[in-house]
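Asks: Going down the list, the protein sequences come from chains A and B. Going letter by letter, the first sequence gives residues 811 to 1130 in the working numbering. Going letter by letter, the second sequence gives residues 811 to 1130 in the working numbering.
To be clear, the hints were calculated from the coordinates, so they are not data collected in a lab. A portion of the hints provided could be inaccurate.
Any copy, or any two copies together, can satisfy a pair, since identical chains are not distinguished.
The calculated lysine to aspartate or glutamate pairs, modelled on DMTMM-like cross-linking and capped at a C-alpha distance of 20 Å, are [said to hold, decoys possible]: (1) Lys1063 - Glu933; (2) Lys1059 - Asp994; (3) Lys1106 - Asp816; (4) Lys1059 - Asp944; (5) Lys922 - Asp821; (6) Lys896 - Glu1110; (7) Lys838 - Asp916; (8) Lys922 - Asp816.
Protein chains: 2
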Amino acid sequence: MAVYTDVSADDLARFIGRYDIGELLSYKGIAEGVENSNFLVHTSAGNFILTLYEKRVAEADLPFFLGLMEHLAARGLTCPQPVKNKDGGMLGVVAGRPAAIVTFLDGLWIRKPNAGHCAAVGEAMARLHLAGADFAIKRPNALSVESWRPLFEHAGARGDSVREGLCNEIVTELDVLEKSWPRDLPSGVIHADLFPDNVFFLGDRLSGLIDFYFACNDMFAYDVAICLNCWCFEPDHSFNVTKGRALLKAYEKVRPMSAQEHAALPMLARGAAMRFLLTRLVDWLAVPDGALVKPKDPLEYCGKLRFHQAVKSASDYGLS
Amino acid sequence: MAVYTDVSADDLARFIGRYDIGELLSYKGIAEGVENSNFLVHTSAGNFILTLYEKRVAEADLPFFLGLMEHLAARGLTCPQPVKNKDGGMLGVVAGRPAAIVTFLDGLWIRKPNAGHCAAVGEAMARLHLAGADFAIKRPNALSVESWRPLFEHAGARGDSVREGLCNEIVTELDVLEKSWPRDLPSGVIHADLFPDNVFFLGDRLSGLIDFYFACNDMFAYDVAICLNCWCFEPDHSFNVTKGRALLKAYEKVRPMSAQEHAALPMLARGAAMRFLLTRLVDWLAVPDGALVKPKDPLEYCGKLRFHQAVKSASDYGLS
Chain A
811 MAVYTDVSAD DLARFIGRYD IGELLSYKGI AEGVENSNFL VHTSAGNFIL
861 TLYEKRVAEA DLPFFLGLME HLAARGLTCP QPVKNKDGGM LGVVAGRPAA
911 IVTFLDGLWI RKPNAGHCAA VGEAMARLHL AGADFAIKRP NALSVESWRP
961 LFEHAGARGD SVREGLCNEI VTELDVLEKS WPRDLPSGVI HADLFPDNVF
1011 FLGDRLSGLI DFYFACNDMF AYDVAICLNC WCFEPDHSFN VTKGRALLKA
1061 YEKVRPMSAQ EHAALPMLAR GAAMRFLLTR LVDWLAVPDG ALVKPKDPLE
1111 YCGKLRFHQA VKSASDYGLS
Chain B
811 MAVYTDVSAD DLARFIGRYD IGELLSYKGI AEGVENSNFL VHTSAGNFIL
861 TLYEKRVAEA DLPFFLGLME HLAARGLTCP QPVKNKDGGM LGVVAGRPAA
911 IVTFLDGLWI RKPNAGHCAA VGEAMARLHL AGADFAIKRP NALSVESWRP
961 LFEHAGARGD SVREGLCNEI VTELDVLEKS WPRDLPSGVI HADLFPDNVF
1011 FLGDRLSGLI DFYFACNDMF AYDVAICLNC WCFEPDHSFN VTKGRALLKA
1061 YEKVRPMSAQ EHAALPMLAR GAAMRFLLTR LVDWLAVPDG ALVKPKDPLE
1111 YCGKLRFHQA VKSASDYGLS
């Protein structure tokens, strides 16, 4: 939620001149995306999004992210589409940063999703999993099980400053996850960050998916587990099984899961909770006392983790 | 440069429904304005700006600000125009904050203005001074000479933590300003914050003025003095007399100044430098050590103040 890099009008007009998108009329830094600087650009041809990739995104990954958006859009999935410049390229440089222009997507993100929204996201995610099947570039998941212990050790013992006993809880869970993490499940391109603020609606209709900068190759059911975590809990951290059922049912209508995937769901959901608990913990501890911007609460995912630990089988998520 | 208040899609759609501006399609928090939360809103009728007034703006002043924009736009000045709702009102409530919708203005602000840009802003400012003449509501300048010593005392002795000797320099100057502040010069509505980021250009043509939330009744020549401070210095804090001459000449083509105004210009310029030095100092000291967001450097205006102290007459600003 920040604009990191300032861009001058001259620099941007020069950059826009390399595209066939008319004349630059206006641009505003927008409070969207935590990894990159984003600008809403208005030209005589319409609205566009300009993204400047800051150092948290590896430049070597950009062909995967941009290529994937183009690949998915060509297969009918509504997502921002990279605009090609006059040389046919999708990547340029603005203010010393790698930069790309993507199409502007109308839509609103839902602060309080209901079961209908959960069904819509389940269906869209399954379509994404199928549409990514023949995408040529691969990108391993940099935030999967192998990364979690190093991430925890980076935050270190300071975890207990957030809540007494938190470190011990994490270590105990990491031991379980590393021993029992599912392997050999159906895999392919996953979004890996399909939170409500990355899913747009117009009325009750899902109108598009955005922010593919965590997308990678991993187990499809792990993407489902991430969505169970970020769509189906209530603000008090209780699980809403009606929403879970709606999400899973709509997903399986498009891509039915195997018995192995069903069986793995509780462990995958524990892993997904751990992944967001850890990255939020690191961000939380990186912010100095008294800072104006407070990052997201890591303990939200601690509560979700405990729910998943108590789950007996995928039917507790509403699987019928 | 921040969005303070989050707005839900449902709340905003309900609010937009009270206007004749079509259906809500998208909204993004934009990194613009330090006093308010601003959103770029896309509806089926086009682009608009939604502003939520945070506590730094007094609600009692809103009829002045919104009425002024409407008044100036009706007299041919290009500035955001408040959109009236179906009841004819310009002010509503979103997320518990007073809120207004204004028209979206195309244009780019110039990071490195040249003499041509300075001339354009001089002319536009003079037109604003004339167009405001018959505006009925009055608003005294809350940041004029009477406010500076209390502002300084609020920052207190901590000024010396920014630079050794700064407090003494400020007190000495305040003594001069309070004794010699010009009175009885031609007055009316001034913008009072016409910095480069509040002036839009399309190509070399000035396309609009924005951000009227410091506008007030005060001496016209004080507005000119503010612009000499924020448009005519180089990044190394040296004064560029070519830019000063361009700004003053273009201003006087529309509204010639009196001999009294010319004579007062150096003292008004010292006061303008003091006003921005002090508010920046207060903001600077309010931010905790190690915070991610650094406010603007108060010492920039200390350098400008010293230049004005050495000025012999308005001809040093390029007045011919």
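Asks: Each of the hints needs a verdict: does it hold here or not?
Replies: Status of the hints after comparison with the structure:
1. For the homomeric pair Lys1063 and Glu933, the shortest alpha-carbon distance inside one copy (7 Å) is at most 20 Å, but the shortest distance between copies (65 Å) is not.
2. Within a single copy, Lys1059 and Asp994 get their C-alpha atoms no closer than 23 Å, and across copies no closer than 76 Å, so neither meets the 20 Å cut-off.
3. In this assembly of identical chains, the alpha carbons of Lys1106 and Asp816 lie at most 20 Å apart only when taken from different copies (14 Å versus 25 Å within one copy).
4. Taking the shortest Cα distances, Lys1059 and Asp944 never come within 20 Å of each other, neither inside one copy (25 Å) nor across copies (66 Å).
5. Within a single copy, Lys922 and Asp821 get their C-alpha atoms only as close as 40 Å, which misses the 20 Å cut-off; across copies the closest is 12 Å, which meets it.
6. Taking the shortest alpha-carbon separations for Lys896 and Glu1110, neither the intra-copy value of 46 Å nor the inter-copy value of 42 Å comes in at or below 20 Å.
7. Within a single copy, Lys838 and Asp916 get their C-alpha atoms as close as 17 Å, and across copies as close as 11 Å, so both meet the 20 Å cut-off.
8. Taking the closest pair of Cα atoms, Lys922 and Asp816 come within 20 Å of each other only across two copies (13 Å); inside a single copy the shortest separation is 33 Å, beyond that limit.
Of the numbered hints stated above, those contradicted by the structure are hints 2, 4 and 6, listed in ascending order.
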